[in-house]
Structure formats: structure tokens, C-alpha cells
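As they're listed, the protein sequences go chains A and B.
Under this note's numbering, think of the first position of the first sequence as 1, with each following residue one higher.
Under this note's numbering, think of the first position of the second sequence as 1, with each following residue one higher.
Treat the hints loosely; a few may be bogus.
Distance ranges between label pairs, derived from CB positions [said to hold, decoys possible]: (1) B:Glu20 to A:Pro363: 27 to 37 Å; (2) A:Gly306 to B:Asn16: 23 to 33 Å; (3) A:Asp238 to B:Asp40: 44 to 54 Å; (4) A:Gln201 to B:Ala13: 31 to 41 Å; (5) B:Asp51 to A:Gly306: 27 to 37 Å; (6) A:Thr349 to B:Glu18: 10 to 20 Å; (7) B:Glu20 to A:Met377: 43 to 53 Å; (8) B:Glu22 to A:Gly234: 48 to 58 Å; (9) B:Arg54 to A:Glu212: 37 to 47 Å; (10) B:Ser61 to A:Pro114: 54 to 64 Å; (11) B:Ala74 to A:Glu213: 48 to 58 Å; (12) A:Thr349 to B:Ala74: 26 to 36 Å; (13) A:Glu361 to B:Glu20: 28 to 38 Å.
Computed list of lysine to aspartate or glutamate pairs in EDC-like fashion (alpha-carbon distance at most 16 Å, straight line) [claimed, not checked]: (14) A:Lys237 to A:Glu376; (15) B:Lys6 to B:Glu18; (16) A:Lys150 to A:Asp217; (17) B:Lys6 to A:Asp345; (18) B:Lys6 to B:Glu80; (19) A:Lys106 to A:Glu48; (20) B:Lys6 to A:Glu353; (21) A:Lys355 to B:Glu80; (22) A:Lys264 to A:Asp240; (23) B:Lys4 to B:Asp33; (24) A:Lys355 to B:Glu63; (25) A:Lys355 to A:Glu285.
These are calculated hints, taken from the structure and not from any lab test.
The beta-carbon is built from N, C-alpha and C at its ideal position, and this holds for glycine as well.
Here are the chains, one letter per residue:
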Amino acid sequence: MPTTETIEQVKQRIEEVDPQEASEELAGDGVALIDTREAIEHREAHIEGGQLLPPTQVADGIEELVPDHSQRVLLYCASGNRSARAADELRELGYDNVASVAGGIKAWEAAGLPVIAPEGMSAEQRMRYSRHTLLPEVGTEGQLKLLNAKVLLLGAGGLGSPTALYLAAAGIGTLGIVDDDIVDESNLQRQVIHNTARVGQPKTESAKKAIEELNPDVNVVEHRTRLDASNIIGIIKDYDIVVDGADNFPTRYLLNDASVRLRKPVVSASILAFDGQISTFVPFEGPCYRCLYPTPPPPELAPSCGAAGVLGVMAGVMGLLQANEVIKLSADIGEPLVGRLLLYDSLGTRFTELKVRRDSECPICGPDAPEIPEAEMGKFPDYEAFCAG
Amino acid sequence: MSVKVKIPSQLRAATNGEGELEVEGGTVGEALDAVFDQHDGLRERITQDGDLRRFVNVYVSGEDIRFQDGLETAVADGDEVTILPAVAGG
Chain A
1 MPTTETIEQV KQRIEEVDPQ EASEELAGDG VALIDTREAI EHREAHIEGG QLLPPTQVAD
61 GIEELVPDHS QRVLLYCASG NRSARAADEL RELGYDNVAS VAGGIKAWEA AGLPVIAPEG
121 MSAEQRMRYS RHTLLPEVGT EGQLKLLNAK VLLLGAGGLG SPTALYLAAA GIGTLGIVDD
181 DIVDESNLQR QVIHNTARVG QPKTESAKKA IEELNPDVNV VEHRTRLDAS NIIGIIKDYD
241 IVVDGADNFP TRYLLNDASV RLRKPVVSAS ILAFDGQIST FVPFEGPCYR CLYPTPPPPE
301 LAPSCGAAGV LGVMAGVMGL LQANEVIKLS ADIGEPLVGR LLLYDSLGTR FTELKVRRDS
361 ECPICGPDAP EIPEAEMGKF PDYEAFCAG
Chain B
1 MSVKVKIPSQ LRAATNGEGE LEVEGGTVGE ALDAVFDQHD GLRERITQDG DLRRFVNVYV
61 SGEDIRFQDG LETAVADGDE VTILPAVAGG
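Only chain A is shown next, with the shape it has when bound in the complex (with noise of 0.2 Å):
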């Protein structure tokens, strides 16, 4: 079997049909249909009574679905090739009835053709999220669960803007931003979530209009809003993970201290000139943030990224590093970074890993850590005056 001709001179060998000429023929009797994708492809989504054959195994496994070698036999694949090239071996093998599905299932379904799929997604969802769901360990099952998700962002600032966008992207369902901020001329060396015409605007506002141009699946909930004492129990309660980003200690203990109370899971990176850290926090499961640092550091030794500059590249890895995180907690896969801390050096391209373990003194999720009645749930101390030391 030549395979080093081009599709189009193949092409011109075989019979095509459009989708539309093929659904009729379907609609009669004695047309064989044969999906030539892989396994996974069919599962994913097929044309009814389309028996699976997959490229490779087309000279061994037509004889026995197709015994009649005169039968009418229509092949379809993702978008038209695989199926004119198996069309093409057919006739080879003597064959004479056989055409190939001009533009596969996709022009099928753009047609309007019906196919059967699993329930959940439609069509363009389908198309959308191909990648993911052709991954064996995603799935359409992981899809739907992405798509379900309801992630909060802390911050659409260096962390949160990659984050933000590929969370997007993969599907997520429900993405809220919490922050307070406008967006800066010097934030867009970093930022990548806004840009230069929205410089002035709410971020949560230019964050939400990113995201809704890159993928309109998504439902961005916009907090604009510095957390609090007595906010944060309202905004995080609703949602399944909390992605950390913020710039501040106060915020970051306060996070850590409402999502162990609420039991949320909080990808937590922080960024400061060429290096980050990253770690997940399962409350319970694993060491909360307090556990790794019991206390924060006082201010003069607590630079910020304003005062001390950060690698716009940097903290696009570690954001993206946390997104991972979110995929894989939203979709149960994988291997999530619960009682380890990874850091990572931009300068010398290294990776270290370190263990963290929970802190049998831990005043938060140590074992004789207070119970916090219901009543009590939203009452925080004051973390700007914990923080200041």
C-alpha cells in the first residue's frame, strides 16, 4: 500500500459521497457503514450503526464484517482521509461498491447529521475539547467533569492571568476571580490575561472579556473585591477549588485558615524575581499552609514583586503549573502536589522538590486545633496585625 501519495491523489482513485448523499443511502437497506478511526475516536462520538475498524486493521477485518465483496460500503473517519485511503485499499482488495464520507463525522455533523455520543457535551464541545478527551486517562468522563468544575481564582495578577487563561481553555466551567485592582501599563509584561487597550479597567472586568473571546463554555463570576474577614466565607463556600495567587500574607493566611475550616482544596504559588514555589493544600489529606510556614515573615523581609521585580516568564510557569493542579484535582487524575513544595529556579532552569508534612501543632489543622462551631465559621482574627508581626 503506497502511503507516500498525497491524500488528493488517492482521493481521485475512490468514490466520495457527501454527508448528506450518505445519510440517505443509510436511510435504504444493504450499505455497510464503517467508522476507520481508533477506538477512542468512536467512542467519543459515531454515526449510528457505524461498525469500528481501525486503519490498521482494514485488510484483516473486512472479510468478516463485509463477506460480500460487491456490498455497498460506506467509510467515514474524522475528517474524510483515513477513510479514503482504507476506501482505497478496499478497492484493492476487489471490493467494487465503495466510497468514502467526504469531510468525516465533522462535516457530518456540520450538516446537522445526527450522531450518537455520550451525553453532556454537544457538538462543538465535542470538537472543542477533542484533545483532552482523546487522552484516555480524560476522556469524555474528564471533560464533563472539567466542565463542571467551579474554580476560584485569588488574584488576575501574574499567577492568576496564566492560570486564568488556560483554565479557560480546558473548559472549566465556572471560573470566579476575586480582586480588587485595576490593571496597570506595568502589569502587562506579565499579565498576559489583559492588555494594552484595557489598561485602566477593572481586572476582573478585562479578565472576563479574555476569557469570554477565548471560550464562551465558561462562566466567569467576577469578585471585585480585596478578601476578607468577613467576606471570604460567602465567596469561597460555592466553589470546589481555590487557586492562590494573591500578593499578600494576610490574604494567604486568611485563605489557608476559611478553606481548612470549609474543607477546599487551595493550589497555592507564589513568585518573587526569578524563582516560585508551588503546592497543593487538601485540607486533612495532607499539611495546610500553615503547617509549611507557622508564621509569615515581617515586612522588611517580605519584598514584593513591585519593589523587587519578578520574571514576567516565571510566573507564567508557575501559573500554569497551578492550572495543571486544577485539571488534575477537577478531573481525579494524576498525582496532585499534596505534602510537597516544588520550587522553581528560572535562572538555573532547576526544579527542587521538597517534603511538607503536617504539623502535629498545627493551630489550624493540628489535632488539637479548636473546633469551630457553626456560629463561629465567618469570625477570623485580624491577619493585617498577625501579618505585621
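Dock chain B against the given chain A, drawing on the hints supplied.
Quick look at chain B alone, frame taken from chain A:
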């Protein structure tokens, strides 16, 4: 024992910008003392009255010394000692 001590970005002002120092010592405390001998300004940044300050984590070969023997934790030849303060940048 020769160990490598890694200094994070925000403390490098105290080490003339050096991010990695090779020093001698049999314990974490001895290795850090050897670092302080070269860069005295680092001492008060990460210790107080001879103890590590609470907001500074120190790891030997990936393990937090708080869960081992603190500054008495033994180091082996070639070990990596990582000094890590919390960072809040986002």
C-alpha cells in the same frame, strides 16, 4: 563534610548576590555558621538568639529540619541545604 547551601532570592542581598555556597560542617547549624562567617548579614535575617527564626524553613535533601533534629540535624557530604522563607508575591 562539604555541603551546598542554597540561598533564596530575597536573602541574596546579604550574600553579595550569591545563590549557592559550598561550606564545611557536620550539622545544619555548623553549615549555617560557616555561611554566616562569610556573610555576617545573613545571621540576623534567619536566626535569633541562636535559633532559626520561625518564618524560615530549612531543608536537608528535601526534608524539613523542624521534623528532624533542628539545627542539630546531621548533614552528609554532598547534601543540599535549602533556606526557604515564605514568599507572598503573586
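Hint by hint, here is what the structure shows:
| no. | hint | result |
| --- | --- | --- |
| 1 | B:Glu20 to A:Pro363: 27 to 37 Å | holds, 34 Å |
| 2 | A:Gly306 to B:Asn16: 23 to 33 Å | holds, 24 Å |
| 3 | A:Asp238 to B:Asp40: 44 to 54 Å | holds, 52 Å |
| 4 | A:Gln201 to B:Ala13: 31 to 41 Å | holds, 36 Å |
| 5 | B:Asp51 to A:Gly306: 27 to 37 Å | holds, 32 Å |
| 6 | A:Thr349 to B:Glu18: 10 to 20 Å | holds, 18 Å |
| 7 | B:Glu20 to A:Met377: 43 to 53 Å | holds, 46 Å |
| 8 | B:Glu22 to A:Gly234: 48 to 58 Å | holds, 52 Å |
| 9 | B:Arg54 to A:Glu212: 37 to 47 Å | holds, 45 Å |
| 10 | B:Ser61 to A:Pro114: 54 to 64 Å | holds, 60 Å |
| 11 | B:Ala74 to A:Glu213: 48 to 58 Å | holds, 57 Å |
| 12 | A:Thr349 to B:Ala74: 26 to 36 Å | holds, 31 Å |
| 13 | A:Glu361 to B:Glu20: 28 to 38 Å | holds, 32 Å |
| 14 | A:Lys237 to A:Glu376 | holds, 15 Å |
| 15 | B:Lys6 to B:Glu18 | holds, 9 Å |
| 16 | A:Lys150 to A:Asp217 | holds, 13 Å |
| 17 | B:Lys6 to A:Asp345 | holds, 11 Å |
| 18 | B:Lys6 to B:Glu80 | holds, 7 Å |
| 19 | A:Lys106 to A:Glu48 | holds, 14 Å |
| 20 | B:Lys6 to A:Glu353 | holds, 13 Å |
| 21 | A:Lys355 to B:Glu80 | holds, 14 Å |
| 22 | A:Lys264 to A:Asp240 | holds, 6 Å |
| 23 | B:Lys4 to B:Asp33 | holds, 13 Å |
| 24 | A:Lys355 to B:Glu63 | holds, 5 Å |
| 25 | A:Lys355 to A:Glu285 | holds, 14 Å |
This entry satisfies every hint, going by the numbered hints stated previously.
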